[in-house]
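Q: Using the sequences and the accompanying hints, generate a full structural model.
Under the working numbering, the first residue of the sequence shown is numbered 1, with each subsequent residue one higher.
Some clues are possibly wrong.
Said to hold, decoys possible - The calculated lysine-lysine pairs, modelled on DSS-like cross-linking and capped at a C-alpha distance of 25 Å, are:
1. 171 / 158
2. 242 / 177
3. 195 / 242
4. 171 / 134
If you are wondering where the hints come from, they were derived from the structure by calculation, not from laboratory data.
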Amino acid sequence: MSLRVFSKHFSVSINKRLTFGALQKTREFPTRQLITTTSSTNMSLNEAKRIAAYQAVDEWVKTNTAVGIGSGSTVVFAVDRLAERVKNEGLQVVCVPTSFQARQLIVENNLTLGDLDRNPVLDVAIDGADEVDKDMVLIKGGGGCLLQEKIVASCAEKLIIIADYTKNSQKLGEQYKKGVPIEVVPMAYVPIREKVQKMFGGELKLRMAVAKAGPCFTDNGNFILDWHFPQEQEFNWSEVNKDLLLIPGVVETGLFVNMATKAYFGMANGEVKTQEK
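A: Structure representation (structure tokens):
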């Protein structure tokens, strides 16, 4: 091989590796850094999450309050902002987590860790959502934390939702295609799956783990069934939620009905859209 050909081959090989490495890097979820977008007009989803989280924290978290800390990627930015305000303003807050992830975020940011034993009533809970429809019905539980999220939300005077613009829908299932999570006792997942499919149609799939063989376990040691409900059917989600909870072995659902006070959506143009019922 001539020197010129070798040099060209080496350059192409290096460029391919660099390009692949850059693509890999953009797929990593940043804990503290924001991914930059190639578009000059549309901000990244992480930046959209950040502006929604910051505005919600600034408007709802006051000093001497107890705050429920939700789970998921958008909550990372809410905790960042909360930590900034504690450091810069001397804000006094107690933070009650909804999951192991939320607990770690609180500890890593040197915030005061609380629990529901000592704080059974919370001033506000700030959490993300997988989808929010026009009636402020939420699908939550994509990260597997639905039970503790709902417990903490039920203890809060106000539930504030933070998300990017892709989570805002007219009806459930329009944007989020992974279904409604249902947390179930492991021994009952097969009969529950059959009963729900018979009652409402659609398909229920046992959520499988990514980094291990076998099913995904929640923080509470339960399985999750993801219900892919019929899109063409109109549901009364309040009644559906009640009916699901009556099935023996169902621990909780990812349907949050009549719980959210206000939702903040970071938009592609840099604005924050709010929604209230």
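Q: Each hint should be assessed against the structure and marked as holding or not.
A: Now the hints, each set against the structure:
1. 171 / 158: Holds, at roughly 23 Å.
2. 242 / 177: Distance of about 22 Å is within 25 Å: holds.
3. 195 / 242: Holds: residue 195 and residue 242 sit about 14 Å apart, inside 25 Å.
4. 171 / 134: The hint holds at about 6 Å.
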